[in-house]
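Please build the complete structure, drawing on both the sequences and the hints.
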Amino acid sequence: MKVLVPVTDAATVDDEFEVDGLHVDERYLTHDINEWDEYAVEEAVQLAEAGEDVEVVTATVGPERVEETIRQALAKGADRAVRVWDDAIAEQTLFDARTKATLLEAVAREEDPDLVLTGVQSGDAGFAATGVTLAERLGFQWAAVVNNLDLDAGEGVARVHRELEGGVEELTEVTLPAVLTIQTGINDPRYASLRGIRQAQNKPLDVKGLADLGLDESTLDSPLTWTSTSEPESQSEARIFEGDAETTAGELADVLAEMGVGQ
Amino acid sequence: MTVLAVAEHRRGELRDVSLELVTAGRRLADAYGTDLHVAVVSGNVDRYADDLNRDGIDAIHTVNFGEEFNHDVYVQALEALAADLAPRVLLAPHTVNGLDYAPALASRLDYPLVTDAVDLSVDESLVVTREMYGSKVETTIEVASERALVTVRPAEWPAAEGVGDAPVEAFDAAVDESAVGSTVTGFEEVAGGDVDIAEADVLVSVGRGIGEEENLDIIYDLAEALGATVSASRPVVDNGWLPKNRQVGQSGKVVTPDVYIAIGISGAVQHVAGMKGADTIVAINDDPNAPIFDIADYGIVDDLFEVVPALTERFS
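Keeping their order, the protein sequence lines are chains A and U.
Each residue of the first sequence is one higher than the last, beginning at 155 in the working numbering.
Each residue of the second sequence is one higher than the last, beginning at 956 in the working numbering.
By construction, these hints were calculated from the structure, which means they are not laboratory data.
A hint or two may mislead.
Stated by the list, open to error - Here's a subset of chain A near chain U, in silico, CB distances under 7 angstroms, partners left out:
1) 282
2) 292
3) 318
4) 321
5) 324
6) 339
7) 369
8) 372
9) 374
10) 375
11) 378
12) 380
13) 381
14) 393
By construction, the Cβ of each residue, glycine as well, lies at the ideal position given by its N, Cα and C atoms.
Below you can see the structure in the form of structure tokens.
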């Protein structure tokens, strides 16, 4: 059985930052494995540990920077990795779900997985649509926002819980092959061991461009254009207490006491 | 040419976002000078159509197939309806179920997809405003296409009001059951547990900023001094530091206490959805740009590890 795990890194911005054109200036960004994907990797590695002959392959669209994230996934137990990038891809400004799914679809067609696990969304752009788009393009079944997975490989069924709003979970059976988008909290992601980190250095990480995947540059054409980026005006009408912690805590305590809190 | 908005329902209830989609759809239809149609798929469609029938809708299409949401049914039904109506823009909710069908529907119809819209405008092309980096940055995306599917963030548009008289038309979508590859077998409520945070008058709520499980002690101490109940945002619950019944937000509980004290909580939209109804909101966070301050009544921009013990001290 093969599990394909599309992983990406996601950027968080510093408390203070500047926007330069369409992008937040790189100086204010910190890149790390996308939180949702971290849970997807863990879920895949746990399947590999529980089953016999399960191969876990990660797939990533991204520049060389993202290899740090990929090595993390390999260190935690993924077997090998594919990174998709070339000069033409690098010229894209907007990586929307369709663009990413186009590239991941090509990888998935080569890998022919039984199961695809990926995060519900990325923490930075947050389109939350790549996994289900990929499923539809591959002709796979799918389930979005999965927070519990019971895989019956023999029967070819994934029994999942989908985390709906308001503390309700939907119980669904999905036939394989399938794409499941993984919600945070589904498991307890491990830290990579030192041994894992060492082993990861020797695991295969292939870099493929459009031509290697049999794709034409025109497949990246999109009707979507990212036209502006701005820092929204603060809508805050909050009364902000100024001063050191003793002072601010004291003023807040007075306000709370006036409302009858803690009395 | 129309704008087509897709309603959402669950376990016999039309969800609030459906009426918000009517508002967003009406405004967009006005910008194009066209009609607003609404689709409702599965369940008691006639009752839902009645509940939906507000001012500004020109027609409601019902697909009477199945009871609960099933993405295969939705994709098939809406693909057929879109083929019939050729909508300029198809609007779906950016909800857990919306995320389960909208991307597949867009792919099948070959419509460009933009998700999680917080604003929509028409300036020759459709312009979608969305957020990045947990609401810290706002971006616009222009859609140069005759068609588009957009998912709309809940609680960004007001619910449509008034009583409408749109005709309700049953649409025969000819759903192919053999192409339905997933089966909903039931629902489960997340366990109630010992405490109902929705009942509390004062909540001391803790988020990612607490850093480590051991640090929760200062939160418990404050809650005890204030006679408050402890709740949390998602990361604290994901880490297993507090049980799921303490989670405030879209996937947890909606709370409306007299006072909500958010400590180390940035104020992601999913969290805010669960607590913005509190009478008084207090935020303690060291990031002055944290979105939580946008909805707070009182704020302290400082290290929570300094402020929280000092606050506890005042009540001890």
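Holds or violated: is there a CB of chain U closer than 7 angstroms to the CB of residue 378 of chain A? holds, 5 angstroms
Restraint outcome when residue 369 of chain A is required to lie within 7 angstroms of chain U by C-beta distance: violated, 17 angstroms
So, as I understand it, the hint says residue 339 of chain A touches chain U; can you test that by seeing if any CB pair is closer than 7 angstroms? holds, 4 angstroms
Minimum Cβ distance from residue 321 of chain A to chain U below 7 angstroms? Holds - the Cβ of residue 321 of chain A comes within 7 angstroms of chain U, reaching about 4 angstroms at its closest.
Quick check on residue 375 of chain A please, does its C-beta sit within 7 angstroms of some C-beta on chain U? Nearest chain U Cβ about 11 angstroms off; hint violated.
If you take the shortest Cβ to Cβ gap from residue 380 of chain A to chain U, is it below 7 angstroms? holds, 6 angstroms
Residue 372 of chain A as an interface hint toward chain U, with CB separation required under 7 angstroms: With a minimum Cβ separation of about 15 angstroms from chain U (threshold 7 angstroms), the hint on residue 372 of chain A is violated.
Interface hint compliance - residue 381 of chain A to chain U, C-beta minimum distance less than 7 angstroms: holds, 5 angstroms
Against chain U, is residue 282 of chain A within 7 angstroms by beta-carbon distance? holds, 5 angstroms
So, as I understand it, the hint says residue 318 of chain A touches chain U; can you test that by seeing if any CB pair is closer than 7 angstroms? holds, 5 angstroms
Going by Cβ atoms only, is residue 374 of chain A closer than 7 angstroms to chain U? Hint violated; residue 374 of chain A Cβ to chain U Cβ min 13 angstroms, cut 7 angstroms.
Satisfaction of the residue 292 of chain A interface hint, Cβ to chain U closer than 7 angstroms: violated, 10 angstroms
The earlier numbered hints that this structure contradicts are 2, 7, 8, 9 and 10.
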